[in-house]
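Chains as they are written, first to last, in our numbering: chain Z, 1 to 378; chain A, 1001 to 1298.
Hints may be right or wrong, so weigh each one.
To be verified - Restricting the straight-line Cα-Cα distance to at most 20 Å, the calculated cross-link-like pairs of lysine to aspartate or glutamate (EDC-like) are:
1) Z:Lys316 - Z:Asp277
2) A:Lys1254 - A:Asp1239
3) Z:Lys162 - Z:Glu146
4) A:Lys1144 - Z:Glu374
5) A:Lys1022 - A:Asp1065
6) A:Lys1144 - Z:Glu146
7) A:Lys1212 - A:Glu1175
8) A:Lys1254 - A:Glu1232
9) A:Lys1103 - Z:Glu228
10) A:Lys1289 - Z:Glu370
11) A:Lys1103 - Z:Glu375
12) A:Lys1142 - Z:Glu376
13) A:Lys1144 - Z:Glu250
14) A:Lys1142 - A:Asp1048
15) A:Lys1144 - Z:Glu228
16) A:Lys1077 - A:Glu1175
17) A:Lys1289 - Z:Glu341
18) Z:Lys9 - Z:Glu250
Calculated directly from the structure, the hints in this document are not laboratory data.
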Amino acid sequence: MSGLFDQFKEWYEKRHDYAKAWKARTGGQVVATMCTYTPEEILIAAGMLPVRVLGAHEPQNVTEPHIFGMFCPFCRDSLAQGLLGRYDYCEGVTLTQSCIQYRQAFNSWRMHVPTVKWDYYLPMPNEVQSRFAKAQHYAEIKKFREYMEGVIGKKLSDADLKRGVEIVNENRRLLRELFEYRKETNPRVTGVDALYASITAQFVDKEEHNKELKRVLAELPKQANNREEGIRFMTIGSENDDVSFMAMVESVGSTIVIDDQCSGTRYFWNEARIQDDVIATIADRYCERPACPTKDYPAHTRFDHVLKLAQDYNAKAAVFLQQKFCDPHEGDYPDLKRHLEANGIPTLFLEFDITNPLGPFRIRIEAFLETLGEEELF
Amino acid sequence: MSSGEKKEYWRWQESCWIDESKDWRAAKIVTAGIDVGSVSSQAVVCVDGELYGFNSMRTGNNSPDSATNALAGVLEKSGMKLEDITYVIGTGYGRVNVPFAHKAITEIACHARGANYMGGNKIRTILDMGGQDCKAIHCDEKGKVTNFLMNDKCAAGTGRGMEVIADLMQIPIAELGPRSFDVDEEPQAVSSTCVVFAKSEALGLLKAGYSKNKVIAAYCQAMAERVVSLIERIGVENDFFITGGIAKNVGVVKRIEKLLGTTAAETKYDSQIAGALGAALFGHTLMLKQGASATKAA
């Protein structure tokens, strides 16, 4: 929607400028985060700005000595940004365990990006379904708190952490409210709008982001929902901030109404359940959130979650945005595809790289749309 | 040929044809499909839902001109004017740049519809081997696409790759297929999946003492293996049909058939026009269903 989401768009396009300005304004530390399992609540409680590392979607030649070319494009593009000095304003870098490719990108970052002053690897269990997982993650969150206390040189009180939880929970709640608009017929919020809002939540000061979300939510009911929605799509995959791809999809007769991606719903879908023990509040939230494929075994909980999202948002079809060489997602794909199709949701598979060929992708999207409609042609 | 003049071995036969037995002036609906591909452009004119004429030529350096030139061939040969055509659909890579088109439809849908016309309504699996990509398509009895796959980011296994090999071997492209069988034993396929590297590998084979025919056979086999891996991902269901320029290369087609253990349906039509034909047929259906409002809506 023209205008209403401009602030999010500007934040996205000038994210480094934003972070530098934040740092100059507040004097706080900026932390490069490399996965949405990062417990941002603790970083915020420590007065820091968590900034999720994103790629630049442009060719690069700096990662080859550090990580394999057959690691996923997002890992390579992310690491490239560090090696190229584009996150030189970040004192810290942290990764919460998800996949091995991300971990190696993180290791290379902490060793070879000269501006890194501290780094922290948070070894979250991948088998979050294990009965021991929450206890283990509790212990790790506690250790992370202690480490951060060392970094800032003072204790983080429970009240500090609770404040962090409240801020992040509010952000999650507001994003959910925004995404509710995508259930509408001819939705007022497009896939591009939603992407700008959810991806910027991962690097903009949460309180500022919350304020902007509230402004947008107050304005949205006054806006007409006169967009012709076309076919309602869901997107599925890992990280995706390819705005030009999303805009292309929505320009050829479709609207992206929901996603299961870590750049979207997986990041903010569930709030932390408030418990007396704030560490348990934080630890449990990450064990209970909609799972990334790396943390979704032995039961595939995400299959029904994805299907329910598609049904709740009345998606007519799903597009898999598969980061090339992303083994966890690729491993899930055949069964998830079958699960969706068995429940009446046709799918299309597209393989994403650091740069994506919009022309050939457009043919695939249009041809997919033609298989879903165009009955007047026969 | 004068000395110093470069022979274009890659240049395939352009063609223009109209069905003299039909009188387009007596037709109720005249539609056209324009397929502007990366290598070739075709214009097909249908009268009352039947193929009337086509023109197939090399794509120029600009899509609108290529579309105009392709259609001009049929217009000139038939005495038709652009305004005599009720509905025009653009398809192919240049589909949105056909200046006189009422609608654009992807070549995937158009090839399926064209194959349905050319090969009959039993056709379920289509392999479109075009200039810069190949597509495996599954369709229903109406020619409606139910599933499809395209090759990714690479021109190996496509018409342009074959043109490169024709130039390298200095053998006219139409002779490559038959000559690929004139070998004492079938060679291993060239291993590269990239046109440029395949060319390097072909040069290496020549230097290693391979005959030209054997190198061509190795390239045809590589192309066949590449597209078969694509088509097997959507599953081959009979009847099976091949469209696009490579369908005219018997060296590739026979090897595909051998790998798949099936035979491609034969057609009396030029396989290269399938996309444009499908587009023209879609235009006819739209006119039947929507009448004049179809052109207004467009």
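Outcome of the hint check:
no.: 1; hint: Z:Lys316 - Z:Asp277; verdict: violated, 42 Å
no.: 2; hint: A:Lys1254 - A:Asp1239; verdict: holds, 16 Å
no.: 3; hint: Z:Lys162 - Z:Glu146; verdict: holds, 16 Å
no.: 4; hint: A:Lys1144 - Z:Glu374; verdict: holds, 9 Å
no.: 5; hint: A:Lys1022 - A:Asp1065; verdict: violated, 28 Å
no.: 6; hint: A:Lys1144 - Z:Glu146; verdict: violated, 62 Å
no.: 7; hint: A:Lys1212 - A:Glu1175; verdict: holds, 12 Å
no.: 8; hint: A:Lys1254 - A:Glu1232; verdict: holds, 16 Å
no.: 9; hint: A:Lys1103 - Z:Glu228; verdict: holds, 18 Å
no.: 10; hint: A:Lys1289 - Z:Glu370; verdict: holds, 17 Å
no.: 11; hint: A:Lys1103 - Z:Glu375; verdict: holds, 15 Å
no.: 12; hint: A:Lys1142 - Z:Glu376; verdict: holds, 12 Å
no.: 13; hint: A:Lys1144 - Z:Glu250; verdict: violated, 23 Å
no.: 14; hint: A:Lys1142 - A:Asp1048; verdict: holds, 18 Å
no.: 15; hint: A:Lys1144 - Z:Glu228; verdict: violated, 24 Å
no.: 16; hint: A:Lys1077 - A:Glu1175; verdict: violated, 29 Å
no.: 17; hint: A:Lys1289 - Z:Glu341; verdict: violated, 31 Å
no.: 18; hint: Z:Lys9 - Z:Glu250; verdict: holds, 17 Å
Violated hints for the displayed structure, listed by number in ascending order: 1, 5, 6, 13, 15, 16, 17.
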